[in-house]
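Colleague: Go by the hints and put chain B onto chain A.
There are 2 protein chains.
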Amino acid sequence: MNKVGQSEVRVDGYDKATGRTKYYEDRMPADALYVRIKHAEKAHAIVKSIDTAAALAIPGVVKVLTCFDVPDITFPTAGHPWSMDPGHQDVADRKLLNTHVRYWGDDIAVVIADNEVAAMQGVRALTVEYEELPFVLDVQKAMEDGAPQLHERFPNNILKHTSNRFGDYQSAIKEEGLIKVEGWYETPTVQHCHIENHGCYAYEENGRIVVVSSTQIPHIIRRVVGQALGRPWGDIRVIKPYIGGGFGNKQDALYEPLCAWCTTQMGGRCVRIDCSREETFVSNRVRHAIRFHIVTWLRHDGTIAARKVECFSNQGAYASHGHSIVAKAMGSFHQHYPCPNMEEDSYTVFTNKPAAGAMRGYGMPQASFADESNIDECAHAVGMDPMEFRRLNIMPKGYKDNFSGNVNYYDTYRECMKKGAEIIDYERKMKEYQHQSGPVRRGIGLATFWYNTAVYPISLETSSNRMLLNLDGTVTMQCGETEIGQGADTAYAQMTAQAIGLKSYKDVHVVSCQDTDITPTGLGAYASRQTYVAGFSIKQTAEQLKEKILSYACEVTRQAVANMDITDGNIIRKGDGQVLMSLKELAMTAQYNPVHSEHITAESTYTIRNNAYSFGCTFAEVEVDIEMCKTKLLRIVNVHDCGNLINPALAEAQVHGGMSMAIGYGLSEQLIFDEKTGRPLNNNLLDYKLSTFMDHPNLEAYFIENPEPTSPFGTKALGEPPACSGAPAIRNAILNATGVAINQNPINPHVLFAQFSKAGLINDPWQEKEG
Amino acid sequence: MNKVGQSEVRVDGYDKATGRTKYYEDRMPADALYVRIKHAEKAHAIVKSIDTAAALAIPGVVKVLTCFDVPDITFPTAGHPWSMDPGHQDVADRKLLNTHVRYWGDDIAVVIADNEVAAMQGVRALTVEYEELPFVLDVQKAMEDGAPQLHERFPNNILKHTSNRFGDYQSAIKEEGLIKVEGWYETPTVQHCHIENHGCYAYEENGRIVVVSSTQIPHIIRRVVGQALGRPWGDIRVIKPYIGGGFGNKQDALYEPLCAWCTTQMGGRCVRIDCSREETFVSNRVRHAIRFHIVTWLRHDGTIAARKVECFSNQGAYASHGHSIVAKAMGSFHQHYPCPNMEEDSYTVFTNKPAAGAMRGYGMPQASFADESNIDECAHAVGMDPMEFRRLNIMPKGYKDNFSGNVNYYDTYRECMKKGAEIIDYERKMKEYQHQSGPVRRGIGLATFWYNTAVYPISLETSSNRMLLNLDGTVTMQCGETEIGQGADTAYAQMTAQAIGLKSYKDVHVVSCQDTDITPTGLGAYASRQTYVAGFSIKQTAEQLKEKILSYACEVTRQAVANMDITDGNIIRKGDGQVLMSLKELAMTAQYNPVHSEHITAESTYTIRNNAYSFGCTFAEVEVDIEMCKTKLLRIVNVHDCGNLINPALAEAQVHGGMSMAIGYGLSEQLIFDEKTGRPLNNNLLDYKLSTFMDHPNLEAYFIENPEPTSPFGTKALGEPPACSGAPAIRNAILNATGVAINQNPINPHVLFAQFSKAGLINDPWQEKEG
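Quick mapping for you: the protein sequence lines, in order, are chains A and B.
For the first sequence, full-length UniProt numbering begins at 1 and goes up steadily by one.
For the second sequence, full-length UniProt numbering begins at 1 and goes up steadily by one.
The following block holds chain A by itself, in its conformation from the complex:
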């Protein structure tokens, strides 16, 4: 029986559905002290003093620590694997608490108390004296000479600028008769809004620091905590229990370093930091707002002669993942629609906004919105159907990217579009919606994307794995790739069962909790890589375990190793399929043999030096009420090629989650700041319009299963891809319905009102009054 490819029930499903699963708070020692953070209430300032007397007078408050107390160490927070090459290391630009306040919400002090109320009262009782500085929120204004400077090391606030040049753009655009399609595209600041806010607790144990954290990346957090505190990395132990989502926010060192330091200041007592939703919105990480400028030069036959892309990424106050995100976004353009003459430039720029970090899609939702908006306009410009235009220009079968080495082995883009178009009845509806008038109009839109499966060759890709044969013939499996709600453990169980030859994925006990003291090193959940990279080490380790099992079986059965195999949990003789003994019998014999006892385990590391293209598209159908400036999403269909599906039901769930995020990105979500103060205005789930299932039509997910040749189980990225193409598909559907091209998201009623007014579809009563 095939263990992979089945829609098995999640290994953690029952516990999660019934509330048994233990998250970091469920493991909290009862006597943990509460640490609450004082966040600056200025967008840019220098803290001159903090008066702690009133806070310390509050019963229950045991200590106040301020930005004047922390070690003089700057550290990076990005959840990237360490690089031995200093040029590849993340930017170290913040201290545990900062005197130089760089955004409204920056961390400047903590109050530690024996109860939460006292800690909160203590924070309110602090009196802070600031020296205010001018601030800047806009990415391009921040690059201007004379703009407020956030970090001395980075003149004009430019963290990094990189470019790509292909062919000769300047000459190419001189070609006769080219049509120029130019646009500025604006994407918003949004937040991950995972269900479980980040939190952690820390204590000392035998002179070392233990941090239990809601994180995606325990092994990386260990290193960052070591850096931040100036301690040997082996002094730090990070434990990751079950977590309630992360979406990239927890692919960053959030409050683990601060929490670890607090315990050292409390004599090793357990201290807890629990983020409120308000803090999560502002003082964790957000998605980069990226502004794009795209100029496309088209021939009348619809081919692209030349293209220029500029990307301006709003980094906010601290580097976090920094330039990686816009670099990925920029790199998507020339692969998505290859064109001989291109100029791509990207800038990552500090502003006095919350720090932007990793978020599901890592620059691709932004790039996809800009690229696919521009491409739709290109189609309009040459009078082609948008799908036809894409079929003409999109990355062809056999395309190879020379940097990643990725190859488009199939004609996947066209397969995905064909399937999606059939499902949503694209051709018929395109015709049907061609000549609408009246206030309520329907439209259909399409967007495509590609995605890498891992970070090779940019960063290290390594996966270690350990398997233990249990006395009942089941196998325990440990790896550093983390379950963060996405169902990774279930996929691992299925792959492990298959690779060893167990009867069922239920015969695999995945150790879901990572503990850096004992878990084989893995890099954690990010880059949609886990099933892919863990696949390599699972297969390799399973083969080693199998070899050890069969070697021991040879002692017992006297059959040659080469003449045995493991099937359905039994050791069989290959020649005739005869069952020689069960794995349980073998394990018991091996463990309890007084002459040759063996606890059969295997452990190995695999260095992954591959990457793989994932593809997909979204079709959206909308009904726009022009007068009400409202968009109703009627249908949304995603089609993905993520290679072979390990678990179709979980794959579908993954796509559903991404589609939901994409709908919010397209229609409603945006973190808003007061232009006068830099204060966030809607950092809560009432005012921030998170997309929920009440806003969704039925989410339709389909797959094209083209097996990935480089992948041990034929699988490739699916974690982030579903979040990429939804927003531009909706945008293009609105364009299709109304003829109005809207180059910013979310396309909420405010935006529609402005755009429809500008397009003359509605009258702006205020405009009229003024006019």
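Since the hints were derived computationally from the structure, they do not count as laboratory data.
Any given hint could turn out to be false.
Intra- or inter-copy, both count: the list cannot distinguish identical chains.
As the list claims (entries may be wrong) - With a cut-off of at most 16 Å between alpha-carbon atoms, the simulated EDC-like pairs for lysine to aspartate or glutamate come out as follows: (1) Lys503 <-> Glu585; (2) Lys431 <-> Glu377; (3) Lys506 <-> Asp235; (4) Lys506 <-> Glu205; (5) Lys630 <-> Asp695; (6) Lys584 <-> Asp235; (7) Lys48 <-> Asp26; (8) Lys22 <-> Glu205; (9) Lys539 <-> Glu116; (10) Lys308 <-> Asp235; (11) Lys400 <-> Glu432; (12) Lys574 <-> Glu278; (13) Lys16 <-> Glu205; (14) Lys174 <-> Asp425; (15) Lys431 <-> Asp72; (16) Lys418 <-> Glu543.
Modeller: Leaving out everything else, chain B in the frame of chain A:
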């Protein structure tokens, strides 16, 4: 620098001294339900019914489970490794809760409540209807025909009877002129009195059961819980945090199976069972009270012609470790004082007392008391100095036991006695105390013992170990041999540092907490074996880790593996000692090499097929106030040969603890039962006279370090040996002081009063009255 052999500070010392160490209660989830056990208040009865209505009516009580609800599965509890040979498996004789009550304190029901008070009230509110049965407390009465029967399978309550025959005892005793020294020796029921009572909690996780327990033997508990609940062993996960002592009581499945079952009855909610001290005394395990009958036939030259030993071991109500203990006691006689003609018989007999199990010394304190009492009388009988008599008859250098294969490689006994005698000034004091009169007299006494270091060849000896090279060049080490307060982790750290070539034992992080899901299988703390058996797997695994480190170093340094070594945490070139790179550099390079990344770890199992003799002796000096019937211990000196010392300070501490236990065994400790009801009378630390430092003189510990040839680090048993020879040395000192041979312990004022009255040293006013 030598890593072993130094008195390093304990790795867990600071945390334990400052209260940071996390025991099971410190890890308890806040919402755990309290399980309190209803213990029978009859020594022997059948439960006819339990009325639970009143208990269930108590607010906070959520469930009552009784002996009528439990699965119909009997299971064994002894903490022995599993044997594939059914004849070697422990006796399965109890259910989770029992309708057949076999001792006063047997478990018959549980009340589960959301707070402890409600649970306790619930237990008191249960109304139990019993059918009372006659009971028996005395071991020999229990063997009589017609005695009350505890277990159907075992007629006359005899769990087991074994014997040894050497030469021809019956003919040998016919030799002319032999002197017969005969005695009956009685040892008491005592309890371990570890600081931390046993407790545990359990919950379900993804359909499996997790038990966190204060136990010495996590891997064995996993198996017993599986057996008791009829679940596959892989379904059970046992976690052992730091524990506050065990002394063998926690080398048994105590309430882990019941706790595990309770969580399954509560839908997987966390449930806790915490033993009170009163429960610990009666419803955990106790030391076997063994009655000995010894007949020694001496020649006038002091040699032993023949010897007969009968041992009657009071097992109490359930088998637990059963016959192993008295078998070990019996086996000690012919090795201690080898004699060509011997008859040894031992009986393990059920009685209606608390179940006896493992306790520090495992039969040897009992055997030592009887043997060394009898030997002292033998010396008197032939007019020899007791030490001289021992020097003549004790196991000689070169002695080999054919069963264990153990060899006495040195003349250790004589070396130990010589050293101890010098320290306590034996010769001079023997003379000084020869002719005392008056009510206060002093005396000096001596006792010797031997001890095995492991359980080979009786049981499996296997040790698995895993080592991980950390990024800072430190090493994390995991093993199944447990820290239970004795300092094992520190010894492991020292051995690991030495075997790998680290700079200091502080560069080893021992994972103290065992988790059967991930810890390499080890059998836990018992039989004084851990340093010995773990030594094998530490050395083997360290060599494998070293090989992997040097192989990787070869890639980096281009030096041949054979030309490199690891010293003080550096990889050096053997030829000139040149430091090539530090382990930190190697670890970082290996982990973060994008071409060949490796998390360097090693794991292996070693099957130990050796055992080793440990030796030692105690000298005691007492002052006896005859009229007051009081013994004052003036000096006590232990001399041990446990091979090389890994950590002299910890070895000394180990001996101090054992000496304390031996003093209590000799002078004060005894669990007393009401003869009329079978009820325990002093199951608390007020009435049970636990020996404390207030009762002790300065405890003097010395060592003879004869390296054990079979041992990887030259070390052998020290855990239990210090508890063996103290009581008989005190007894012999009292004999030396008063001329009264007391053949029972503890020798408390009650006993002295009776014995001195009998000897005519004092007048018994009650005797006189009656007479």
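Colleague: Run every hint past the structure and note whether it holds.
Modeller: To see whether the hints hold, each was checked on the structure:
no.: 1; hint: Lys503 <-> Glu585; in the structure: within (15 Å within a copy, 43 Å between copies)
no.: 2; hint: Lys431 <-> Glu377; in the structure: neither (18 Å within a copy, 115 Å between copies)
no.: 3; hint: Lys506 <-> Asp235; in the structure: between (36 Å within a copy, 11 Å between copies)
no.: 4; hint: Lys506 <-> Glu205; in the structure: between (35 Å within a copy, 13 Å between copies)
no.: 5; hint: Lys630 <-> Asp695; in the structure: within (12 Å within a copy, 87 Å between copies)
no.: 6; hint: Lys584 <-> Asp235; in the structure: between (39 Å within a copy, 13 Å between copies)
no.: 7; hint: Lys48 <-> Asp26; in the structure: neither (39 Å within a copy, 41 Å between copies)
no.: 8; hint: Lys22 <-> Glu205; in the structure: between (22 Å within a copy, 9 Å between copies)
no.: 9; hint: Lys539 <-> Glu116; in the structure: neither (47 Å within a copy, 49 Å between copies)
no.: 10; hint: Lys308 <-> Asp235; in the structure: neither (49 Å within a copy, 60 Å between copies)
no.: 11; hint: Lys400 <-> Glu432; in the structure: neither (38 Å within a copy, 100 Å between copies)
no.: 12; hint: Lys574 <-> Glu278; in the structure: neither (61 Å within a copy, 60 Å between copies)
no.: 13; hint: Lys16 <-> Glu205; in the structure: between (30 Å within a copy, 10 Å between copies)
no.: 14; hint: Lys174 <-> Asp425; in the structure: neither (40 Å within a copy, 111 Å between copies)
no.: 15; hint: Lys431 <-> Asp72; in the structure: neither (65 Å within a copy, 73 Å between copies)
no.: 16; hint: Lys418 <-> Glu543; in the structure: neither (40 Å within a copy, 60 Å between copies)
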